[in-house]
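Undergrad: One-letter residues, chain by chain:
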Amino acid sequence: MNSIIFTAAARILVALLFVFSLFMLLRGHHLPGGGFIGGLIGAVSFIVYSLARGPAEARQALRMSPEAIAAIGLGIALLSGMVSFFMGDPLFTGQWYWVGGDSYETAAFSINSVLIFDVGVYLVVLGGILSLTYAFEEET
Amino acid sequence: MAEHSDPNAPWKTPAGMATTAITALLFLFFLRYLPTVAAGEPVRWVIPWIPSLDVNLSFWIDGLSLMFALLITGIGAMVMLYAARYLAGHPQYNRFALYLFSFMLSMLGLVLADNVIALFVFWELTTFTSYLLIGFSHTDPKSRRNALQALLLTAAGGLALLAGFIMIGVTQGTFELSEINAAGSLEGQPFYMLILILVLLGAFTKSAQVPFHFWLPNAMAAPTPVSAYLHSATMVKGGVYLLARMHPSLSGSDAWIWALSVFGAVTAVFASFMALRQTDLKQTLAYTTLMALGTLTMFLAGSTGYAITAAMTFLLVHSLYKAGLFLMIGVVDHATGTREAGVLGGLSKTMPITGAAAAAAALAMAGIPPFLGFIAKEVAYAGALEMRLWLFIVPMALIAFALMFAVAGIVAYKPFYGPQGDLPREPHEGPWPMLLGPVTLGVLGLLFGLLPGIGAYYLIEPAVDAVLGRPDTGGRVKLWAGFNLPLLLSLITFAVGFLLYQKHLQLRERLARIEARAPDLDAGWDVFLERFMAFSKVQTRVIQTGVLRQYMFATFAVFAVTVLFTFLARDLGALSVSFTGLSLMEWGVALLIAAGAVLVVLTSSRIVALVALGVVGIGVALIFIMYSAPDVAITQLLVELLVVVLLAFAFLKMPMLDTKGAQTHSFANGVLAVVVGSVTTLVILFVVDTPFDRRLTDFFEAASWTEAFGRNIVNVILVDFRTLDTFGEIAVVMIAALGAFALLKGFAKARAAKEDRK
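Quick note, the sequences are listed as chains W and U, same order.
Okay, so the first sequence: first residue is 1 according to the working numbering, each after it adds one.
Okay, so the second sequence: first residue is 1 according to the working numbering, each after it adds one.
In case anyone wonders, no lab produced these hints; they're calculated from the structure.
Hints are not guaranteed to be accurate.
Only pairs whose alpha carbons sit at most 25 Å apart, straight line, appear in this in silico SDA-like list of lysine to any residue [unchecked claim]:
1. U:Lys142 <-> U:Lys754
2. U:Lys745 <-> U:Leu672
3. U:Lys745 <-> W:Ala68
4. U:Lys12 <-> U:Lys142
5. U:Lys745 <-> W:Ala15
6. U:Lys754 <-> W:Ala56
7. U:Lys749 <-> W:Glu139
Predicted model only: the values in this text are computed from it and were never measured.
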């Protein structure tokens, strides 16, 4: 697409959209958002980039092939579910570790398998959608 | 032979030595259980696997499974050692060792499994590993074809078996074999007949009973150690094992007795004639194995102590001598370069040890005292006389055993002690790793015959008890049982057998002539497979047209018809629909969606249709927002956005909308669209009309914070309560993306290749 306005705006848009996608991913547990929505927004940000600069540069900006990102995401999701398996709980039971306390109320923050799973979802959606769009884009 | 190795190649490879050692250790491990099991105390291990479905990885060691386990590991270790030498220097030897070892473990699992589902899994594992082994010489199309034949036949039987197992489990309320057998006979249960047919189908295909027999001689395309191990001593006995295992719960009915007697006897007699007819000694042995399987099946028809003792004794002796003979044929083939009965002769001078081992095996096979084979034959006649169909079984057994006598002479006497033949190679004695097996097995056949009490106490009688499901009196396995009818029958067998051996050349010619006129089941299999593939091709062409429009039409039509059918078949009562109370905004969104949909249908521009479709989607998202479902609304909006982007890319490549072509389809499509739309609307109206069940909502509202520490219920359900579902969904996303990626890249590659050619 040869539009100076779009190309210039894309720089800011891409960064904003990508940060927004991370924001949506992280707030998902309490407010609207989550890995799925975050992944979709993240994908949109890279699609905007590829529309402005072409798929070759977009691929470069991604550093990794989108298929690999999706595969890593799937692996992360599976591993986060297997943590509970090794703790003696059924597969995919959420595991919570409180830092600076012993319950949700007293702890400063928590490390939990649920968020890690959501990160996996985010990566699969991001990688999957980008894999499709880039392939389509390169085809045309 | 291509399968043979370089005699100077190193054979003590890590793969061969490790598999042999582990198998030998397993043999010792099971040997320790002999006293416990002989004292009548079965051992059971349980590992819960899918407890919610009552599927456990449970193992059960009683007399029957222990005897099989010892045969599998004992003969297995010898065969692995033998194979290490036999295939030394073969470029794919490591692969072979892996296959053989995997097969050994699967077979061990099969005979030890107590849970029928676990047994089925091991059953199919032996089928697969056997497929790999038969097709080991995979460059040979015949070997591949025979491997596939064995796979298809035995796997099909395995599926029938699974159905039978599930019906047994449902009928008896347990999948544990020990409990099923303890519950007594299934006869009289409503599904008994069906269960029996299914189980017999599995057993008969695996144990190659007529008319499924033809895969077994073909399986001899495998290297000789495989034939010795799988196709004589272990795998083909899987079916016999199953019949013995299920004996307490399935035997006794008329159907059982007739089916096993008739199929077993016909197989035994047919196979022993075919054995006489072959000139390749390996083929001869293949058919004698078939004969043994038939005989075993025939005796399992009975339920008396003698009949089962006959089956178990014969099983033991057959495993010993047949594995030995197969290994011996391999040694001879290795040394002389031929397996033709007409050529081989006078080998005992150059190969004395092989000759002695062969003689021991053949004497056991012919049933000459004091070998265990003699006892087996005596008990077999005693058992046959006790059977209900004895008038049929005794003559059939006599014919089979007499022919066995003659075949033993052909296989072992003539090559070693007959007149000197004209050999392709100067014979030499085999190396020790290849002799250990045949010699040990031959010696064991003699020892068990001389000291029948030991074999009977530790191996045969515990197995008989297990098959009968009750303690047997024992004491039937004796070298000298006195002057009685079985002894007389034995003497007749020897006389007839000797005559048959004398005349075997003339007989073979006559058999060859009969065979030429008889229908060839093996060729029939090829025809069957060809027709079946032709049928699948036609069917695929009809169903898989490759035209997306037709797929979608079919999908929607099936949906509409099935839902309509449900509406008509069930009386759903009256529907109360009211449009009052709708706000202006709600009307507005509804009109927006409707307008978008109408525009999609009417426009002749793809881009306009795409944008109009986007309007419909955004309208739906607006509805989600109005009814406070922000997560769903955001997702819907984003997906709409991405769909528009993706389709826009696709449209760049597509031709203009072909309005003329669409005309021909438009009427049917229009009708279908209206029907699907109406049906869906009706469904939704009915769903909305039923009172909302709040139980799940209440649970999630209450538990989402207290148990999962999240306030966004939608997200908590996705990542915590229903994580497995979500995992499945993202796996689908991944697979879909990969599939599309492969398709698009495939097109690109094909096009590049096309341009290259220009």
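Undergrad: If any of the earlier hints don't hold here, list their numbers in rising order.
TA: 1, 2, 4, 5
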